[in-house]
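Asker: Residue numbers (the numbering used here), protein chains in the order written: chain A, 26 to 796; chain B, 11 to 168; chain C, 91 to 383.
Hints were generated in silico from the structure; no laboratory data involved. Every value quoted in this text rests on a predicted model; they were computed, and no experiment measured them. Take the hints with a grain of salt, since some may be wrong.
To be verified - Chain C stretches covered by chain B per the calculated footprint, using a threshold of three residues with CB under 8 Å from any CB of chain B:
id	stretch
1	91 to 105
2	111 to 125
Unchecked claim - Pairs of lysine-lysine, PhoX-like flavour, derived with a Cα cap of 25 Å:
id	chain 1	residue 1	chain 2	residue 2
3	A	K75	B	K42
4	C	K331	A	K786
5	A	K663	C	K347
6	A	K239	C	K347
7	C	K140	A	K786
8	C	K332	A	K792
9	A	K164	B	K42
10	C	K140	A	K663
11	A	K450	A	K47
12	C	K140	B	K19
13	C	K318	A	K663
14	A	K605	A	K57
15	A	K75	A	K52
16	A	K663	C	K367
17	B	K128	C	K331
18	A	K75	B	K19
19	B	K92	A	K75
20	C	K332	A	K786
21	C	K140	C	K262
22	C	K262	C	K367
23	C	K347	A	K786
24	A	K541	A	K628
25	C	K332	C	K318
26	C	K243	C	K140
27	A	K239	A	K353
28	C	K347	A	K711
29	A	K792	C	K248
30	C	K332	A	K663
31	A	K450	A	K541
Yeah, the Cβ is synthetic: ideal placement off N, Cα and C, and Gly gets one too.
Each chain is listed here by its residues.
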Amino acid sequence: MARNPDADNAPVKKEIESPTSKYDAEKAASFKVVGSRPARPDGMDKVTGKARFGADMVMPGQLVGLILRSPHPHAVIKSIDSSEAEALSGVKAVITRDDFTPNDDHADVLYNIMAREKALYEGHAVAAVAATSRAVARKALKLIKVDYDILPHVTDVDEAMSPDAPVLHDNIITRGVSPTPTKPSNVVARSEFGHGDIEAGFAQADEIIERSFKTAATHQGYIEPHACVANVGTDGMSELWCCTQGHFHVRQVCASLLGIDVSRLRVTASEIGGGFGGKTTVFIEPVALALSRKAGRPVKIAMTRDEVFKASGPTASSSMDVKIGVTKDGRITAGYGVFRYQGGAFAGAPADFGAMSAFACYALDNVKTEAYDVVTNRPKGAAYRAPGAPMSVYAVESVVDELAARIGMDPIDLRLKNAAKEGSKSSYGPKFGSCGLVETLEAAKAHPHYSAPLGPNQGRGVASGFWFNFGGETCSNLNINADGTVTIAVGTPDIGGSRASMCIMAAEELGISYDKVRAIVADTSALGYNDTTEGSRVTFSSGMAVIKASQQAVTEMCKRAAMMWDIPAEAVTWEDGYAKPSGPNAGDFEPLSLAEIAATAGKTGGPIAGHHEYNADGAGVSFGTHIVDTEVDPETGKVDIIRYTVVQDAGKAIHPDYVEGQFQGGAAQGIGWALNEEYIYGDDGKLQNAGFLDYRMPVASDLPMIDTVIVEVPNPGHPYGVRGVGETGIVPPLAAIANGVSAAAGVRMTELPMSPPRVLKAIDDAKVAAE
Amino acid sequence: MSGIHVSTKINGDAVEYVCDVEETLLDVLRDKLGMTGSKEGCASGDCGACSVTVDGRLTCSCLMLGAEAQGREIGTIEGVAKGTELHPVQQKILDNAALQCGVCTPGFVVAAKALLEKNPDPTETEIRYWLAGNLCRCTGYDKIIRAVMDAAAEMRGN
Amino acid sequence: MRYESPQTVEAASALLAGEEGLARVLAGGTDLLVQMRSGMVEPDLIVDVKNIPAMTSITEENGGYRIGAAVPSAEMNEHEGLCALWPGVMEGADLIGSTQVQGRATMVGNLCNCGPAADSVPGMVAANAIATIIGPNGRRDVPVIDIPVAPGKSTLAKGELVESVFLPARPKRAGDAYLRFIPRTEMDIAVVGVGVSLELDDDGICTDARVGLGAVAIKVLLVEDAAKALIGSKLDDASLKKMAAATSAACKPINDKRGTIEFRTKVAGVLATRAAKIALERANTRASNGGEK
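Go ahead and model the full structure; you've got the sequences and the hints to work with.
Answerer: Here you go:
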């Protein structure tokens, strides 16, 4: 579901799910490899430093590419004079907007990777050079003269929506409002979701709480900056090595922007040093290709950390209003929310996802949400783990927490009483299939953490969260090698250990041991199109394709065994890695192992392989519930996370270590978002903290161990019951921590991050108000 | 600018190179010597992905000029495993699934090894503070800390 | 850009004095390299002082310690005598950056970079540390407080560099402490930093006190009113409260990405109180150990 927000074809959830596959309960009852915790295939290279990431590739004769970026948040680019840079010794190419032809299919992407009429944010690419060394390239950048006409700017979402705000694009006319506006504005679209009659619902409520919330923009914070090496051959055959979550998407977009055939561009996904959604689109890749084409040599571009913060794709900041009504006995009668998200300089803030997931945890008769997608003079956002959901869920779960206190009900009980379950109509339209929210709530309530005593200045917070999950276009190959080993090729870059999961599923299906199977991420020329690694889709979709490819190979191996035994193929079954006669009538033959069949494949019809390509559906929603203990220093406002527990439905954990890892990683990112991370802009519209020092992601000493509970409510749409687990983990923490801090500080926190100055001010203001 | 000739030792091997003044040790390792196990995550000493030891002391190779390596002994991730034999920290990171993307892993290995050489029996808190300069965005640190505690226990012979 | 690695302080001074362009001293390099990478400074000459024996050693002198300007913080914090005598100064230095940064960063680099939030400086100011400066006109000793002027600006003349810092001997009942506020537990620049040094008589009455205050003005401050509030007292709640108020009153902070004026002013007083209590405890522990540790 979490497709790149700038893709125009973001999938619409179908009213009725038609899963591509069905859960096989019998198989699941006797798993041999699934659920085990073997070492990952790429692990050895990663602990020894041999794994090659984006910036680790060297092509013969490669040049250094650097990008000149706008120092202004909003300015007309009147002219660019690069003649002096071009004349500098060692400079092999300089490109600007003039080196790209307009592109209707990817107009915003093109504008974002190289500014056209205007620079729309500080850090917007304006020109690029390729030179023989970094020193020469740096010098060349200084020689490029750009004549700017500086315009007023806006970075705050509420200010950007005001009628007198500076307007970024004169072709943005708000969609989804009636009558259609006559003038352009920064509001790209308004959407509405929900059902029932909220006014009637509020009329039934005994208690209503209405609050406004704000959250700051955050960055995915992957440790590896974007990097790529591009080589455009003299015959136009091109190769691109890059760290990306979706090399097929990169190929598609780059081929289009450069005006070349898709078949002429081969993209190889390097090992990827974190993405979390931030590497689902292109930034430097088309620039490197254009430089290489012009220079006639390979070009490497690696972003600096400063560039990553200023010119990759952070997530939205938000301004939200939430109103919820509840009866004295804890029934939620109505929920209403307005979610205003700014997503940077182009359309595509994940406001719709925010509005859709806001109330997803609740089975409500009356619910309405409104979403506003707003542009500002900030870098164009990209996806970030469950894009849009953490903020809206933070607002809703904060109000739910407050309501529970108001009516004197345990916050988990209130959630249980209203929890979404199989058959309930979701707040965004479709009916839920089998899902595990109730199970996570019950497990959280039963967890020792929930009843452990708290110390002074400590507060406990609870919140639930949701993500849609996604299937998508997928293509995988599986080859049975002559020595009885198996090679899998998938087209979905491995971000968190998915190759291990692929190997587990193939081993399970083939009945062989895990160490006989190896998985690689194949390049774009080796497989059919694969959607990007996003939306928690890989273990579900690529995994299912691997299972189907394994089944195809099994069918073929049974056929080969039948041939060797000279009996009909239907008379052969596959069991625990062996072809066996299906019964006494089929004949009496010694079972043939996969290795034996593979060894003679040349004589029985040639190589044995399986493949599967499809558009996966039935991903199965994912719910989680988090518990957190916080401690607030009443004199400084500093918040410590004392204890943290994640409870989440995984459907079926293929490799439990990596499921836990997703839970823990999501929680840690959520803790950062809740407490300290934020994009800080000055009045000049410039980013003030474009580095790890002042962006303040959690470090090891900031966090406790993060306990995990894997709940397994099988996804009916996957043969092994798998649900994606990557995204949901970041959804509850913002609210859970806000609820904990509010309890510890004795004052409701309504703005993120809850940095010490903000918490201390809230405590002091509350004291003054109480006096 | 003229190049500076540097004679140094890296992972026990005598190495010579010529570098520009402004080139960091990290630049030299990655771009001149092809030792790409040390990663550039920030170039400002805030992420630890480029961790190396200099005369046995842990440091960020992005915060040191290539020229400063003259006469020193440098230890990098490439020298941690002895042939195919992993260091206990490396093995325990694998066993604990203490990596996801793995880009921070070389820095953690070098830093954790340096810790255990100085303090064979660190507490969880000591490990967390020692490694506070190594950012990991994938794992929430949990499994990494457990891996280091396991490695420490194994190295103590427990 | 040139790189020189002289063997004596005098040679280093001569190189700095003789450079017509921009010259920079390279000790730990943890500030300089970051500034160079970001394009903030482009020196014509870099003088690496890590091959100068006088600048890379810690020596005992009259019951105190002389610390070479290129001694990294990690080495200082491994020195038992130093940690016993001036634990507050050492913990200030220990808070600069990560373990990796500790392996390089020096207290004198922290001082000469003249950042108002430099973690090692309030402790040195409270300790009344003396810097020894070598320059074209020879050697001079200057209290640390007199070196920074404003961010990036010091009182060092062209060709001058700090060779070492001297931390004096202490009476039996004396202690110091440094506390800073940061939003995380590590890896941040101080939002406020307070160093407190105390000397007490046998009855536990404070005979001397110094309070250094960082990150709340254009340079690190010595807060004499805060010290006055403590001197003559037993650090009872009333005098601590008075000291906290004096510390807050001395703040002239700005609003920036790290904190607000209101926040810094309030937290300065909070930290001063907490640091004074730690310094007191250390002084008493030291006295009960007969002046050791």
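Asker: Each hint needs a verdict: does it hold in this structure or not?
Answerer: Against the structure, the hints come out as follows:
no.: 1; hint: 91 to 105; result: holds (count 4)
no.: 2; hint: 111 to 125; result: holds (count 6)
no.: 3; hint: A:K75 to B:K42; result: holds (16 Å)
no.: 4; hint: C:K331 to A:K786; result: holds (21 Å)
no.: 5; hint: A:K663 to C:K347; result: holds (16 Å)
no.: 6; hint: A:K239 to C:K347; result: holds (18 Å)
no.: 7; hint: C:K140 to A:K786; result: violated (46 Å)
no.: 8; hint: C:K332 to A:K792; result: holds (22 Å)
no.: 9; hint: A:K164 to B:K42; result: holds (21 Å)
no.: 10; hint: C:K140 to A:K663; result: violated (39 Å)
no.: 11; hint: A:K450 to A:K47; result: holds (22 Å)
no.: 12; hint: C:K140 to B:K19; result: holds (18 Å)
no.: 13; hint: C:K318 to A:K663; result: violated (30 Å)
no.: 14; hint: A:K605 to A:K57; result: holds (19 Å)
no.: 15; hint: A:K75 to A:K52; result: violated (38 Å)
no.: 16; hint: A:K663 to C:K367; result: holds (20 Å)
no.: 17; hint: B:K128 to C:K331; result: violated (42 Å)
no.: 18; hint: A:K75 to B:K19; result: holds (20 Å)
no.: 19; hint: B:K92 to A:K75; result: holds (14 Å)
no.: 20; hint: C:K332 to A:K786; result: holds (23 Å)
no.: 21; hint: C:K140 to C:K262; result: violated (35 Å)
no.: 22; hint: C:K262 to C:K367; result: holds (17 Å)
no.: 23; hint: C:K347 to A:K786; result: holds (16 Å)
no.: 24; hint: A:K541 to A:K628; result: holds (23 Å)
no.: 25; hint: C:K332 to C:K318; result: holds (9 Å)
no.: 26; hint: C:K243 to C:K140; result: holds (23 Å)
no.: 27; hint: A:K239 to A:K353; result: violated (29 Å)
no.: 28; hint: C:K347 to A:K711; result: holds (12 Å)
no.: 29; hint: A:K792 to C:K248; result: violated (53 Å)
no.: 30; hint: C:K332 to A:K663; result: holds (24 Å)
no.: 31; hint: A:K450 to A:K541; result: violated (45 Å)
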